[in-house]
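*Asks:* Protein chains in written order, with the numbering used here: chain A, 1 to 487; chain B, 1001 to 1253.
I should point out that these hints are in silico values taken from the structure, not numbers from a laboratory.
Backbone N, C-alpha and C define an ideal beta-carbon position, used for all residues, glycine too.
Keep in mind that the hints are not guaranteed to be accurate.
Stated by the list, open to error - Pairs of lysine to aspartate or glutamate, EDC-like flavour, derived with a Cα cap of 20 Å: (1) K475/A <-> E1113/B; (2) K1016/B <-> D1065/B; (3) K475/A <-> E1111/B; (4) K431/A <-> E483/A; (5) K431/A <-> D1054/B; (6) K386/A <-> E329/A; (7) K111/A <-> D40/A; (8) K181/A <-> E243/A; (9) K215/A <-> E170/A; (10) K1165/B <-> D1054/B; (11) K1230/B <-> D1214/B; (12) K274/A <-> E246/A; (13) K475/A <-> E1114/B; (14) K1016/B <-> D1054/B; (15) K431/A <-> E1091/B; (16) K1016/B <-> D1221/B; (17) K431/A <-> D1144/B; (18) K62/A <-> E177/A; (19) K1245/B <-> D1221/B; (20) K1136/B <-> E329/A; (21) K420/A <-> E329/A.
Stated by the list, open to error - Part of the chain A face toward chain B, derived, beta carbon under 8 Å: (22) R173; (23) H175; (24) Y439; (25) T446; (26) F458.
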Amino acid sequence: MSSLSDSTTLSPPVHDEATTVDHPAVGIDQTAGNFSYKVDYAFDAGTGLSEDTIRYISSVKKEAPWILEFRLAALKKFLAMPMPTHWATKDLENIDFQKIRYYLSQGQKPKRTWDEVPDDIKKTFERLGIPEQERKFLAGVEAQFDSEAAYSNIKDVVAKQGVIFVNSTEGLREHPELFKKFFGKVIPTGDNKFSALNSAVFSGGSFIYVPKGVKVAQPLQAYFRINAENFGQFERTLIIADEGAEVTYMEGCTAPKFSTSTLHSAVVELVALKGAKIQYITVQNWANNVFNLVTKRGVAHEDAEIKWIDCNIGSRLTMKYPGVVLKGERARGEVISIALANDGQHQDTGAKMIHAANNTTSNIVAKSISVGQGRSTYRGVVHIPKHLKGCKNNTECDALLINTNSRTDTYPAITVRGDKNSTQHEASVSKVSADMIFYMQQRGLTEAQAMSLAVNGFINDLARQFPMEYSVELKRLIDLEMEGSVG
Amino acid sequence: MSQLEIKDLHVSIGEKPIVKGLTLTIHSGEVHAIMGPNGTGKSTLSKAIAGHPDYAITSGEVLLDGASILGQEADERARAGIFLAFQYPSEIPGVSIANFLRAAQQARMAEGEELDASAYYKRLYSKMDLLKIDRKFTSRSVNDGFSGGEKKRCEILQMAMLEPKFALMDETDSGLDIDALRIVADGVNTMRGPNLGVLLITHYQRLLDHIVPDHVHVMYDGRIVKSGDKSLALELEAKGYDWIKKELAASAA
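Pulled out of the complex, with its shape left as it was, chain A reads as follows:
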């Protein structure tokens, strides 16, 4: 373990040019995110996981003692819990927790202007177009580089309304009265093995509070970038929308393609108090060596609404089932999910809707695309207990197979008890047929363009729900994926 250095002076980068890692054999085009710059980390927890790792992380963050206790208790839980391989893929067993680096940063305090962000980190985000997006259409941005946010800013007009948008370290330190109340409550440490791991080693992520009645007009955005090899990113996000408040949060993520595996295991908790609305949008494009094991859940109080728009394109294995606990009467929950599994990828995604009050409604629309040897799985839980009345759920799962050797599975677990509730479930599997591709080619489109158009058509009704900038990005990512998948 390296010593605890307070030095924030950095040695100059070894070389200035980005190293673009070769495309993987399967032909997935990761050009947008597939590069890494040499960065010197001032803080490094070393490789492997032990109590010392956690004490190191907690001490460089100068955390309150209760947080260290919380982390250490979580580590115990993590070590005691088995891997969920009885229902999940065996690929999880390939994660070697002792070969992962749990904390890497250049410092704990994010910069408020891009000019202050060190050059070696700044150019990564510039290349990903983050500062430009911020100027164009965002109310605030947090840009996380490995373990910590390198940049964090919120527009003055939004801050003046009392909106708090900080990283998790700052949130727990500066606003404990606000965040401690909900931190770890929506998703308890022991919810699953990976939420326990996150609770032990979490770093970065956003803590957001939107005061009563404040409607944030533009989205807040976080961008999560993994730069280092053998790294584990464990951001922790908590968003609280007070009564009648409204907020849209968007996250994007990329990592360079390394030959070894990378772990991304976040915990995201949302709290929508009475009449509040939270929309949480993810466009994930991890490199296909990333294990992406994320727990996301929200609690919707009376008349509140939580909507997850979850788009998973990259990664080696994604296991993610955003959920909404419909705790107050007339609360609404929605999950819109798009997953694209290319060769060597497994997208195991879905949704959870837990109805816990009368007249609550939930809607799940999941579309998955499997290309080549890619595998997509829909896994969902809808729970409406017997004593409730007037609850409604709608679940639609559509799968599109591009090749005959692609695979899709659907595991919808819908428990609706009592006769005063209703649910409807539809599932379909369709194929992009050779005739359909020939038809489009006969009009002059190349095979890749034809595939792309077919896939974009398949998700078109969902993509239209994205903010414009994100649906354009989504279309571009699909074009790139399909380009790499033919010929």
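Fit chain B to the given chain A structure using the hints.
*Replies:* Showing chain B alone in chain A's frame:
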């Protein structure tokens, strides 16, 4: 002035020979009709020319303005000016006709060149006016849930937008009621002119009442066995295909 030459073409599906030595030359401005009984290889001919991967050309040539197109992928042939109006057009859910045609136009442009969207829509609307197609039509997904007539209308609109040198119309009249048939015929007649060559593949004479061909060929067992002008179609209608079969049997004996 273009020409499409089909020279001693042999086409197989799997191991089975379907087209067995067909020769035909079409010039711009001409409308040729190929008639024949079911299973004689008419549709196979059109799909093979368009480059369907399941149809293997075992020998012979197809030349567009003197250059072979047989080494080209289906999309290259399309961009070179070959259009196939499908008997059973595919459905493309979620892709509007307008976006589909836009992508097809964009595919014809040089790398890095962007289609001028407002000029494109102007042209699309003028073609729709010409073909008397409602403006709302192009916001629907390509062929998705379309009636037989709507599918053919969609094919005709695509043909009008893509302005091919040669249009191969595969059983365009099958399954159409008389109103739909008229839509197709009016469309083809509107586009007919010195820049377009048409190969009409049909089982029945009735389409030829509406699109009067310059040349009529009878196809039987993978070959053209008789050619003539439009009167041949009427003769076939009166005498039936058995007449051709008997003639062939007599000449073979």
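*Asks:* Now tell me if each hint is right for this structure.
*Replies:* Consistency of the hints with the structure:
Taken as a hint, the K475/A and E1113/B pair is honoured in the structure, with Cα atoms around 19 Å apart against an allowance of 20 Å. Between the alpha carbons of K1016/B and D1065/B the distance comes to roughly 30 Å, so the proposed pair goes past 20 Å and is violated. With a CA separation close to 19 Å, the supplied pair K475/A and E1111/B stays within the 20 Å bound. Annotation: proposed proximity of K431/A to E483/A holds, straight-line Cα distance about 18 Å (limit 20 Å).
Under the criterion of a C-alpha separation no larger than 20 Å, the hint pairing K431/A with D1054/B is consistent with the structure, at around 18 Å. Pair hint K386/A plus E329/A holds up; C-alpha atoms about 15 Å apart against a cutoff of 20 Å. For the hint pairing K111/A with D40/A, the CA-to-CA distance comes to about 17 Å; that is within 20 Å, so the pair holds. Proposed proximity of K181/A and E243/A is supported: the alpha carbons are some 16 Å apart, at most 20 Å.
Distance restraint check for K215/A and E170/A: the Cα-Cα separation of roughly 23 Å exceeds the 20 Å cut-off, and the hinted pair is therefore not satisfied. Annotation: proposed proximity of K1165/B to D1054/B is violated, straight-line Cα distance about 24 Å (limit 20 Å). Restraint check: the Cα-Cα separation between K1230/B and D1214/B comes to about 6 Å, which is no more than 20 Å; the hinted pair holds. Proposed proximity of K274/A and E246/A is supported: the alpha carbons are some 11 Å apart, at most 20 Å.
With a CA separation close to 17 Å, the supplied pair K475/A and E1114/B stays within the 20 Å bound. The hinted pair formed by K1016/B and D1054/B meets the criterion: a straight-line CA distance of about 12 Å does not exceed 20 Å. For the suggested pair K431/A and E1091/B, the alpha carbons sit about 12 Å apart, so the restraint of at most 20 Å is met. About 12 Å separates the Cα atoms of K1016/B and D1221/B, which keeps this hinted pair within 20 Å; it holds.
Between K431/A and D1144/B the alpha-carbon distance is near 15 Å, which keeps this suggested pair within the 20 Å criterion. Taking the CA atoms of K62/A and E177/A, the gap is about 18 Å. The hint holds against a cut of 20 Å. At most 20 Å may separate the alpha-carbon atoms for a hinted pair to count; K1245/B and D1221/B meet this at roughly 10 Å. For the proposed pair K1136/B and E329/A, the alpha carbon gap of about 42 Å is over 20 Å, so the pair is violated.
A distance of roughly 15 Å separates the Cα atoms of K420/A and E329/A; the hinted pair therefore holds under the 20 Å criterion. The interface hint given for R173/A is broken, as the beta carbon of that residue sits about 48 Å from the closest beta carbon of chain B, more than 8 Å. Checking H175/A against chain B by beta carbon gives a least distance of about 44 Å; that is not within 8 Å, so the hint is violated. A least Cβ separation of about 4 Å between Y439/A and chain B falls short of the 8 Å threshold, and the interface hint therefore holds.
At its closest, the beta carbon of T446/A sits 5 Å from a beta carbon of chain B; the interface hint therefore holds under the 8 Å criterion. At about 6 Å, the closest approach between the beta carbon of F458/A and any beta carbon in chain B falls short of 8 Å, and the interface hint on this residue holds.
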